[in-house]
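K.L.:
In case you want the letters, here they are:
4 protein chains.
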Amino acid sequence: MSSMWGNNFKVSLFGESHGQGIGAVVDGVPAGIPIDLEAVQHELNRRAAKGKDLATPRKEGDQIKILSGLFNGRTTGTPIAGVIINENTRSKDYEKTKDLMRPGHADYTASLRYGGFQDYRGGGHFSARVTAPLVFAGAVARAVLKERAPQLKIGSRIVSIKDINDPCKPQIADYQQFKNLIKNPEFPVFTESLELPMLAAIKAAKAAEDSVGGIIEGFAINMVAGLGDPFFESIESRLSALLFSIPAVKGVSFGSGFDLTLKNGSEANDIFRIEEKQVVTQTNHNGGINGGISNGMPLVFQVALKPTPSIGKEQQTINLATMENTTIKIEGRHDPCVVLRAFPVVEAALAICLADFLV
Amino acid sequence: MSSMWGNNFKVSLFGESHGQGIGAVVDGVPAGIPIDLEAVQHELNRRAAKGKDLATPRKEGDQIKILSGLFNGRTTGTPIAGVIINENTRSKDYEKTKDLMRPGHADYTASLRYGGFQDYRGGGHFSARVTAPLVFAGAVARAVLKERAPQLKIGSRIVSIKDINDPCKPQIADYQQFKNLIKNPEFPVFTESLELPMLAAIKAAKAAEDSVGGIIEGFAINMVAGLGDPFFESIESRLSALLFSIPAVKGVSFGSGFDLTLKNGSEANDIFRIEEKQVVTQTNHNGGINGGISNGMPLVFQVALKPTPSIGKEQQTINLATMENTTIKIEGRHDPCVVLRAFPVVEAALAICLADFLV
Amino acid sequence: MSSMWGNNFKVSLFGESHGQGIGAVVDGVPAGIPIDLEAVQHELNRRAAKGKDLATPRKEGDQIKILSGLFNGRTTGTPIAGVIINENTRSKDYEKTKDLMRPGHADYTASLRYGGFQDYRGGGHFSARVTAPLVFAGAVARAVLKERAPQLKIGSRIVSIKDINDPCKPQIADYQQFKNLIKNPEFPVFTESLELPMLAAIKAAKAAEDSVGGIIEGFAINMVAGLGDPFFESIESRLSALLFSIPAVKGVSFGSGFDLTLKNGSEANDIFRIEEKQVVTQTNHNGGINGGISNGMPLVFQVALKPTPSIGKEQQTINLATMENTTIKIEGRHDPCVVLRAFPVVEAALAICLADFLV
Amino acid sequence: MSSMWGNNFKVSLFGESHGQGIGAVVDGVPAGIPIDLEAVQHELNRRAAKGKDLATPRKEGDQIKILSGLFNGRTTGTPIAGVIINENTRSKDYEKTKDLMRPGHADYTASLRYGGFQDYRGGGHFSARVTAPLVFAGAVARAVLKERAPQLKIGSRIVSIKDINDPCKPQIADYQQFKNLIKNPEFPVFTESLELPMLAAIKAAKAAEDSVGGIIEGFAINMVAGLGDPFFESIESRLSALLFSIPAVKGVSFGSGFDLTLKNGSEANDIFRIEEKQVVTQTNHNGGINGGISNGMPLVFQVALKPTPSIGKEQQTINLATMENTTIKIEGRHDPCVVLRAFPVVEAALAICLADFLV
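Residue numbers (our numbering), protein chains in the order written: chain A, 1 to 359; chain B, 1001 to 1359; chain C, 2001 to 2359; chain D, 3001 to 3359.
So that you can see chain A by itself, here it is in the shape it has in the complex:
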């Protein structure tokens, strides 16, 4: 297996949910980039548990310690290792159910793949907890972008929670002022009035010992034009590979995505225009990407996150040791909706992808 990614800005992830620690080595970062440790920690805090109502009660701390690659507050050009020591683990929670394959989880496939030697506690390396080091790498990537493309901004919004779908169809101009549209950065929805119903849907799922999913849209404005390549190094290819590595992601689309299939070519083609001596497009159905390469319009993509597979409700399943049908009731901590913690991860993936193209 390989938890390494990147052609230029390279990330090597490690760690298990209930092991000694998790972390990442980020390699290929240019020398001399200022790293604001508070900004890095802030990104990790955005991803961390959101309180008892809506996310796992485990208090995750997620204090990152950087072991290398920084000197006098700037990158040295050599690998940057960040480590989070795991605390507050409750390994015992998982032992008694280790042979019960949690539906929707990797327990069964990990057993096949690793011959039963995987760390089964809390999903081990498959845990969404390992997205914390990804967010760390994303924070380093953001610092790189700040130097190399200072005008570029990264954002994300919640498009839907279950069937509560934001009807807003943002235009190019809307993305440019996304910071104004998002009133609550901890619940980034363009149509502000949807925050409460969306939260209610999550709470209802929690009350029912169930879970819900949703759609996140990520975007970058003031994009550097001319990034990417045709075929395997297209922005779509590179970014989707990163996005699908986020646990629970089952769909990725760019621009108008699947809805593009409903249009004629004459509608789907984004018309080029000269405006103020700049090349722009009138619409952005292609999400700012033509032929795999950025055209300078907002880079826009959507990510479908399935409902958290860990639910409190009793479920049918199998005991892999006895090869018998049985039931499972998952104890322990889990989020009723992964969307609330995933948007900083989606942004991190975008930052990493863009940094990989820019360094």
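Do not rely on the hints blindly, as some may be mistaken.
Pair by pair, the computed Cβ-Cβ distance ranges are [unchecked claim]:
| # | chain 1 | residue 1 | chain 2 | residue 2 | range |
| --- | --- | --- | --- | --- | --- |
| 1 | C | Gly2332 | D | Gln3282 | 19 to 29 Å |
| 2 | D | Lys3203 | C | Cys2168 | 33 to 43 Å |
| 3 | D | Gln3151 | C | Asn2222 | 47 to 57 Å |
Dumping the calculated SDA-like pairs for lysine to any residue here, alpha-carbon to alpha-carbon at most 25 Å [what the hints assert, rightly or not]:
| # | chain 1 | residue 1 | chain 2 | residue 2 |
| --- | --- | --- | --- | --- |
| 4 | A | Lys313 | B | Gln1282 |
| 5 | C | Lys2263 | D | Ile3164 |
| 6 | D | Lys3329 | C | Val2280 |
| 7 | B | Lys1277 | A | Thr327 |
| 8 | C | Lys2065 | C | Val2040 |
| 9 | D | Lys3092 | D | Ala3321 |
Don't read these hints as lab results, they were simulated from the structure.
Glycine included, each C-beta is placed from N, C-alpha and C at the ideal position.
Once you've looked at the hints, dock chains B, C and D against the given chain A.
P.N.:
The following block gives chains B, C and D in isolation, referenced to the frame of chain A:
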């Protein structure tokens, strides 16, 4: 840029639409695999032009010539180079419009990326024509799969053409007998009665000098369980990177994809059961993948293809040399719907991805 | 830059001599391999400082802490991160001389490459200290080899210290019993009587505030035959890349190496023979490798290590800040001969290379 | 196996000695680089057969045909495929001896590695003939260097043929004027008077149906300073991996190489000086590389080439089919000394390595 892909089964694409030739080097193929040259050519023929009514009138031949890596009908273990010499090119068609940026195409972004040095004739390396070598590589991959996983079968179906959507929601058992469901392999739709209306939609687009897109579903049955890894080497990450390298693909999803966001966790989780001493799932919302690793159920994914950007209709655009707004009317040959040629390419991508995991 | 290596068994190094910590992530290790933590620490201890007479007085501890990838004493199949927290650093030693470019060191080239942002203390990431994580990775590789090729043994010997050259020309049979030939594992020389004169040469260099280099031979016996490939994946290509990444290595040769150029083809060709129904060669001038692939004979290579560039003697040099000629007298700690610490590193490189081919 | 190399400037080799064709795909070349097709062919001609006296009588033509990646005489930024169609092959020569393992060749190891499916004719993919595409890639790399570092020059010289060793120990100034020192570019030796004795040694070997090897020195002057990185991306690591992929290379060293082990640190350290406001070193024992990174002095390395393993003399060997000892007398064509054809290949490897660092 890099038109190379693969960790183990590696593909290196080359060629431009109107250059001397196109092809691929396939590296990492084990020695001793029988290669049926007719079967390889058959895959290329499936992708090639479909006749004057529905696809580009250019007669593409696409005769593959293998220069290396085969000896006495079997792979040698060393790189396999396949070359298609371009014939019937009409470069002149493109010269007069080279400064007019075709909407929805890579003309503008290629100019940014390659400083105007790209081969602009017919899209150059960005042309869908370069999927022919990808299909060649896929045919080699199929030969590998035939040896390494003889029971595994790869297929695809048309889910939609524009708004004509196949209402069929296939169950696990349906995929197992997909060859019976598809009556016309050149138009693989599960609900047979939709072939005519779908064709009519394409013809209507053609008549209007416009184009349409659609959704293709790819799948593999009798899957090898335990392939893939968490994070960057998940099946989703690896396969999506390949699929998004196919021109016109703007969305990729696995299993129930974006629809999974509408379900509760208790519905979305595919329940494990023991049946005839085998582990199976009752549903397949996760498309045969848990935690990035195959669980043995059919591997199922959907691909959104935008309408062909080349249309005969006059469109607004810019002249990049003069930086003026203008219009373009694309002469030459083009397909009114890319779906009909894309499904063999989607299957090739799947075969390549699986071969990369299996060798 | 990239401190990552490997196609299958992948190593990602990090750390600076006087930073917070050094370490490595090892990715691609199969699941279920038993890891003996004492054996791992033993390899690190072999590399660590040898006492005040012959090596740097810095007491390096080098206690490795494994953060991930192990569970119940076995590998999980997911990345193994090992960290050594730096202690006993004396950063102040380096501040006053930071603009003086130490001859033979990377101070000047690092300034060019990293724009002056590198951690200059003790050579930063360029420090030989970063070979400790390489030895950690090598220890994991040895555990893999023990499972995959239990008969294979790795060893090394000192061929020369400065001009004191071991006249022994070992034959194939000698390598097979190398553990008998090496009387003192901390000073592995085949001609035992050379230990004292070699040590005397090192002590003489130390007394003169100077340093000496030497040649180490690495080898593997009971080799797995059929490893490697022609061209870029030859054993020679892969292993030399690893060996040249060890600081101070300036030459690598296989088998009879440069001396092969003095022979005729009829002498240099190792004659194949059938002995006891096995294919063997009578001589081993090619070091067990034909066409980049192992032939089952002992894999033998030599590594030239230049004298440690850090010496106490005053040297001419430049001040890069003032761009003036000046002199430097390097204070602090340094080894009079890198050979004594390098042979465990050479063995680690060999183990990593073989594990990369075998997993 | 993988005949692909490169992080940025990527080369994918293919072909067998007696297959349909050989070639390379070069990926990652920036757009807009002028390619002089005559200069490319000239490099191939330098490598090709040198006439009946000293090299194989096979007339190899080696006419390169470029299929892609060029447009109007310049690179497009997309992959450049070059193909040489094999002519004048005499496959029958090899059939009768296919079970006889030629000593010093890859016949036996290829049988192990590829299970007997390798193309055994003339060594197949292991043939030195496959260095022709490497020289093609090198010619493209030279074109890149000409744009990116126009002052940089690449050269090579013959240091020894068998025991005839050029006593010249060139100083930094000598390399700067190497074109003056080399009187006969087809036999590049600094001490001109050695050409005849060296040729005599080769002819003597040929007369005796034997072969000889030698040492080639490659170098680059007016080097770009600051290229490379510590550890796995050091110039030494990257370049040695390329050099060892050239058939017959068994040793690689940088600067004074193995002789550095005979010096004290105070001699081996190249003293830095300011001269005419430039940083220079007084000596160049480190071959222009400190800590893996170029320091601007001439990059100098030596390559040991063993005697051509193909010799006319009868040799003992085995029949792998019958597992019996026997003898072989190699018919067909072969070079009495690989050095005469290898120096353009060594230069190509250097050009490729430098282009990979520079793009």
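K.L.:
Against this structure, judge whether each hint is valid.
P.N.:
Hint by hint, here is what the structure shows:
1. C:Gly2332 with D:Gln3282: 19 to 29 Å: At 25 Å between Cβs, range holds.
2. D:Lys3203 with C:Cys2168: 33 to 43 Å: holds (36 Å)
3. D:Gln3151 with C:Asn2222: 47 to 57 Å: Since D:Gln3151 and C:Asn2222 have Cβ atoms about 52 Å apart, the given range 47 to 57 Å holds.
4. A:Lys313 with B:Gln1282: holds (18 Å)
5. C:Lys2263 with D:Ile3164: Given that 25 Å is the threshold and the Cα spacing comes to 12 Å, the pair holds.
6. D:Lys3329 with C:Val2280: This hinted pair holds, its Cα atoms lying about 20 Å apart.
7. B:Lys1277 with A:Thr327: Distance ~17 Å between B:Lys1277 and A:Thr327 Cα, so the pair holds.
8. C:Lys2065 with C:Val2040: Answer holds: C:Lys2065 to C:Val2040 is near 10 Å, not above 25 Å.
9. D:Lys3092 with D:Ala3321: holds (19 Å)
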